[in-house]
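*Asks:* Below, each chain spelled out in residue letters.
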Amino acid sequence: MKMVKNAAGRRVPAEINGEKVIPFKGVGKHRPEGRKHGTTLVSAADYPPDGDKRVASLKEALQKAGLSDGMTVSTHHHLRDGDLVANQVFDIAAEMGVKDLVWFPSASFPCHREIIKHLENGVVHHIEGSMNGPLGRFTSEGNMKGTAVLRSHGGRFQAVQDGEVKIDIAVLAAPTADPFGNGHGLEGPSACGGLGYALADYRYAEKVIVVTDNLIPFPCIPMQIEGNYVDHVVEMDRIGIQERIVSGTTQITKSPDRLLIAELTAKFCDAAGLVKDGFSFQMGAGGTSLAIGIYFHEMLKARNIKARFAVGGSTQYSVKMLEDGCLEYMLDAQTFDLEAVRSMRENRAKHPDISIFHCYDYHAKGNYTTMMDVMILGATEVDVNFNGNVVTHSDGYMLHGIGGWQNCLFAKCTILPVPLFRNRIPIIVDEVTTLTGPGELIDVIVTERGIAVNPRRQDLIDKVKGAGLPLKTIEELKEEAERICGKPRRPEPLDKVVAAIKWVDGTVIDVVRQVRT
Amino acid sequence: MKTAFAGNDQKSDRSDCRIGLTLKQSGGLDIHLQSKVETLYGESIHACCRKVMQAFSLPHAEIVISDNGAPEYVISARLEACVKKLRKTYIEVLPDMLSQNVHATKRDRLRRSRLYLPGNTPKLALNAGLHSGDGVILDLEDSVAPERKDEARILVRNTLRAVDFYGAERMVRINRGEPGSRDLEAVIPHHVNVILLPKCEDAEQVRETDRYIQNLRKDNGIDHEVWLMPIIESAMGVMQAFEIAGAAPSVAALAVGLEDYTADIGVQRTAKGRESLFARSQVVNAAKAHHIQAIDSVFSDVSDTQALRENVRASKALGFDGMGCIHPRQIRVIHEAFAPTAGEIEKARRIVEAFREAEKRGLGVVAVGSKMIDPPVVKRAVKIMELAEGKA
Chain C
152 MKMVKNAAGR RVPAEINGEK VIPFKGVGKH RPEGRKHGTT LVSAADYPPD GDKRVASLKE
212 ALQKAGLSDG MTVSTHHHLR DGDLVANQVF DIAAEMGVKD LVWFPSASFP CHREIIKHLE
272 NGVVHHIEGS MNGPLGRFTS EGNMKGTAVL RSHGGRFQAV QDGEVKIDIA VLAAPTADPF
332 GNGHGLEGPS ACGGLGYALA DYRYAEKVIV VTDNLIPFPC IPMQIEGNYV DHVVEMDRIG
392 IQERIVSGTT QITKSPDRLL IAELTAKFCD AAGLVKDGFS FQMGAGGTSL AIGIYFHEML
452 KARNIKARFA VGGSTQYSVK MLEDGCLEYM LDAQTFDLEA VRSMRENRAK HPDISIFHCY
512 DYHAKGNYTT MMDVMILGAT EVDVNFNGNV VTHSDGYMLH GIGGWQNCLF AKCTILPVPL
572 FRNRIPIIVD EVTTLTGPGE LIDVIVTERG IAVNPRRQDL IDKVKGAGLP LKTIEELKEE
632 AERICGKPRR PEPLDKVVAA IKWVDGTVID VVRQVRT
Chain P
742 MKTAFAGNDQ KSDRSDCRIG LTLKQSGGLD IHLQSKVETL YGESIHACCR KVMQAFSLPH
802 AEIVISDNGA PEYVISARLE ACVKKLRKTY IEVLPDMLSQ NVHATKRDRL RRSRLYLPGN
862 TPKLALNAGL HSGDGVILDL EDSVAPERKD EARILVRNTL RAVDFYGAER MVRINRGEPG
922 SRDLEAVIPH HVNVILLPKC EDAEQVRETD RYIQNLRKDN GIDHEVWLMP IIESAMGVMQ
982 AFEIAGAAPS VAALAVGLED YTADIGVQRT AKGRESLFAR SQVVNAAKAH HIQAIDSVFS
1042 DVSDTQALRE NVRASKALGF DGMGCIHPRQ IRVIHEAFAP TAGEIEKARR IVEAFREAEK
1102 RGLGVVAVGS KMIDPPVVKR AVKIMELAEG KA
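Line by line, the protein sequences give chains C and P.
Take 152 as the starting number for the first sequence in my numbering and just add one per residue.
Take 742 as the starting number for the second sequence in my numbering and just add one per residue.
The following block holds chain P by itself, in its conformation from the complex (with noise of 0.2 Å):
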């Protein structure tokens, strides 16, 4: 009898379990588990494994769980990506959509920082929320082992759906090519805001995703707004930016990864970020030609807060809105990083109010002081209240 695994059940591995199925031909279900929490959760871990056999039609199996604290909906999940080993079916066993996990998200919405999170690692996700990225990324790419992606891809799902992100945007990072569409097929009924397209090297690859993505809502009969947001990692990726940016009205954002790109160009990735500046205004300049937003690459250093306060500004100066996190506390030295400086407020609030000032009057031409006010300086100055908003 052949015995499907899935989960992780080191110590480290909190919120999660490891799972052991092996389907029988009579006998019932014979669940063993091991857990820190059975004497409050046994009953209902028992009831759980009891739903998702149910929901496959399979009655007689033995299911050994070694369970660290993983709530329901990683061990539906864990169970399921078993069953799918061993089955091939097309039924999902989907946890409750939080009435929270629906919201919409704008094309320009504030997108300064966005959480990475490996999508195959429950404890992380759990508390992402809390430390107020405007975006979270379940990530289902480089931080999953290619033997896992279809375990992470139904944990990713489940995540979507039972975890409280607390209103940051909702980010998927896909593979590239096939399992990609096969990510697609996973999340995109679940509200998801943005997918992330790593490795981005032409226009035709984002149409693609772009045209999928849209057949998948039409039949999953969604009506809110799916964007994408292309990852630029390679030389060829950058010298196609401009196409890439402009390749579907659904592109929202440009980001540019660095620690592939400098690989890509055979130079060592630097704190100065010099041997990046090309690629990196390439990927601004692009975006900015098509109206979206330009993001820049994680910063790998999380115990040097001050460097990647520096990096931050140096990003902000060259034009980018927001940067990749992969701990929570870059969050909040990021956000400060990429707010207007109390000068700026104050020059940009003076420049709106002299704006609305002479609309009001009806005049065509905008002065602060002697100064013409050209429109768009008109416009920055809205979008560096709309941050110092943010910020607030």
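Here chain C stands alone, though its shape is the one from the complex (with noise of 0.2 Å):
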């Protein structure tokens, strides 16, 4: 395999499964050409007058969508380890002795371990999306016949936009539908709130399959998936299993160990005057970040000012800023909980759902990342240069998808909320096991054990200078997460190159190859 050097250093082949790349080239480097990609035009003379879309069952649709060797099949993961479609499809595939797919999931989840199977049986070839646990360990051992390829949310969506994957079959899962296609999430007994990650499927797919456990009569509103899109709609008993659809991530911490990381970022947000009245954020749902929300949440209160808005995955915690009016906008593509679900379903206008293209697309006229003043993001892995690592662990096995992580370092202050070590294994290293994100785009970095702020933001220390706040530089960091641990062996893997990592314009950041076992 040819392999290049990329700007960021990082040796990554020219090609991958067959197609030739771009290697990155530097934060804001790469211009796309060419026009956004097209479907093929259809006209409504061939789908039924009375708007009933409805098929006998999901099989029926994938034969009807012409579903045959090498095609790309793409879901959302709005049902997240609870869903039931995305196994099925491939189970199908298998039984129509469908050979080659591509699966290209916004995100796969433990659930999605009956995958493996299929990608030993040869139905799936490879994976274009986040590789979780049981499929990142599958992958990482060198067992999938092609390339994985990793990608932001935003990546996905610009990939999709640019025709550099093209859906054949969207199958979407929609916790309520009409016979026209027209779905939502917000009610049904698999509501999940908004469906943003499914817009550049329904969009720019050849052919759209809506599934839904919740069938209504026309019209379906909202329209999160809009029906003229759609080519067929199966009814099926269950679509997902609610309480994995409302994962457990929403509780706050109760470590005081990850509590005192939240206060130190939440003190060092107010040091830097980052908290202030209009300011915005976004944050992820984990145990940390929520309990950083609750600090703001207090901050604000007490300040008697308001956050103008804040993007992302929304939880009970966010709904009650907002219904306390300490927030303005809340702007949803990923609902966390059930609380946020029954918020975005009777408070529409404070708490819109948002698409994947509204908040991160790169090759858009602008997103909302770089309008965020705190962006808080985690990290397996952050280096001396502030480079971090979300996909693999440093024992190089991958075990997490980017998710969102790329688009949101574009935010005014990126913010990594971080242990200094976790179960004897250093976070911040000499240098990232995979490169993610760009160290110039990584701002702090908060651990129980001191806060390190990128030289690159002199503004910010200055800001925070004198305001008792434990600073310290992140070599400094990296030597106390050894002397406690001791110096981690950097593994050495084998040469094959197992994912591909792209950067949200693209093009290949880094690669990640198959672990000696």
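Take every hint as true, because none was put in to throw you off.
Listed next, the in silico DSS-like pairs over lysine-lysine satisfying Cα-Cα at most 30 Å (straight line):
(1) 405(C) with 1013(P)
(2) 156(C) with 171(C)
(3) 268(C) with 777(P)
(4) 752(P) with 825(P)
(5) 890(P) with 825(P)
(6) 777(P) with 296(C)
(7) 215(C) with 187(C)
(8) 268(C) with 752(P)
(9) 623(C) with 864(P)
(10) 427(C) with 516(C)
(11) 638(C) with 752(P)
(12) 405(C) with 1057(P)
(13) 959(P) with 826(P)
(14) 405(C) with 777(P)
(15) 638(C) with 825(P)
(16) 1057(P) with 847(P)
(17) 752(P) with 405(C)
(18) 777(P) with 638(C)
(19) 826(P) with 743(P)
(20) 864(P) with 638(C)
(21) 250(C) with 268(C)
(22) 471(C) with 501(C)
(23) 940(P) with 826(P)
(24) 296(C) with 176(C)
(25) 864(P) with 405(C)
(26) 777(P) with 647(C)
(27) 317(C) with 516(C)
(28) 638(C) with 792(P)
(29) 418(C) with 864(P)
(30) 792(P) with 777(P)
Just so you know, these hints were derived from the structure itself, not from any lab.
These figures come from a predicted structure and were not determined experimentally.
Put the two chains together into one complex, using the hints given.
*Replies:* Structure (structure tokens):
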């Protein structure tokens, strides 16, 4: 395989799965050319005039959509670990004797470990999307026939829109839908809130199948999925398992160490003057992020000021901020708990669902990330140059997807609250195992043992100086981690590239190599 | 062949490992490692085992390690504990002493909070000092099962050397009687600041411990003070509190333990604590009579911070200077509740200023406004100012 060195100094292949790719050129350096991808023109004359696009089964829908060897099939991940649809698609493909499919999910979860058998039996050639847990292990050990491709959420939209990935069939779970194919996630036994990840799929896929377990008569309002793009509608008993759709991620951390990190993060933001009237922020649904949100909420309340908007995963905690009047708008691309689903249903004016196109797409006329004042993210590793890794662990195993992480790095102040080490594994290292985000976009690392500000952000350093925060250099943090844990040996992977990591503009920023077992 | 085991390897036992050691006649060292961090630390774990076995001149053995991210000082302690189950030896394999771990403490330093850490549970020790408690207690007594005392002693010894508690006072709660002497032998040479004596019932017990410690200090050339904090946990202890508090010059504080005390007098411990009012007052009085600190019992309901806050306020009102903690989240509540109020600070500031002014002008009498201030009031004001600064 021909390898080239990209602008980040990482060696990446010139071709992936037989297609030429562009090596990373640097942040903001690549300009796309050409026109957006277009699907084949169709006529309403070929669709039922009564608007009833129902077919008897998912198998029939897939047959009608022409499922055949080598196709790319997409699914969204709004049903998270409770998704009952994606696995069925490939079980049916196996029954039909179809081979070498590409699965293109917006994310995968442990429930998708069932796909491993289809990777083994040749039904699925490779996955382009996140590879969590068991799928990540399988891929890391070199068992996937093709090369996996990991993209950020925004990068996924960009790839579809740019025609880099051509979706043949999108199979989209909709917790509520009508026979025309309009759908939303606000109601029904598998309610999940918004369906913002599905926009790229239904707009740009050649064929679109909507699958629901809560069919209602036309019209299904709001139209989070627009039926005019939909070919077939399938009704089934259950599309999801409710308690796994709303996963356990929305509990604030109880760990005193994580709470300390959250508190230091909030204090840092305060000292840097970031928590001010009209500010905007985004944070994940992990326990530490939620705790930071609570500190923000307390500050806003105490000072009688408001945040203008928040983007991202909504939870019961952001809903509380919204309903308390401390937050004016919750722009929601992913709804994490039932309380947030309720809020979106009842308060659509202030808590609208947005798509990935809006918040993250880099090949758009701007997006929301650059407007955000405070961005709270995680990482499995950060190196002394502030480069971040979210896809692999230090032992080389790929166990997480990128999510919106790369897209979010473009915020005005990107903060990574991370423990200095996790069960003897240092988080601050000499060089990240897999480069997922360049250090020039990562501003602050907050650990329980000190805060390191990127020297590129002298403005932030000046603001927080003298505020009594435990400021350290990133090298000092790394040394402290190594004093406690010992210096870890760097694993030596094999040559085989098992996954490519795309940057937000579609270029290849790094690769993951097969681990030694 | 006999196999000795030490350590823990349940899934929740992070930062720990379980080692099984079988000594052999030949064949060198046969190390079987199962670890999540094998890729990163496999070689260093092997090297650590070789180093320990070499120190004991045991070249032939089978070592089976089930590791859950144990730092080197833990692995070393576990293997040493295995060796000592199979061979009688006085050799110790010591991790390097961190330079920040050799600070001495004063008799009257702030002791508002002290965080209990089960001595045989490494995962809680690593970050214990981050939560700004005034002290940490490595416990060898009630939190360690009798059959685990030997391995816990070795682990606590290594912890005292290798873990940074970020300025917290380093305390060890020892066992009573003979095991307590073994505890002291294990920990005194490794820069302990305070020894807690549980279930203290008479002054002679304190004196005996003090003599033992002084001998160990002499033998090991230790020049920093090792303070004693006897814990009163029985009706007899309460009656003897005054003698106990004055038993030795090294006694720096007197603590009360109410779980055992209430059991001893046959009542339930309640949130209001009326049943222990006498005991608590007696302990405070005995301590103050000897000019040492009085330390209150732990509050066991970790989730109820409001009740803890009320409890600490009541404790402060009775005259206690500090309290035990069983969870880091209790520390801040305790510090806040023990902290003087804004009004108290302001009043104290005025008194201290008046005192300094009077001193400067060579006046024998201190007055704030038209009010004469007695020396004990000045002393209390100075203490309040110190506490206020401790809070900052």
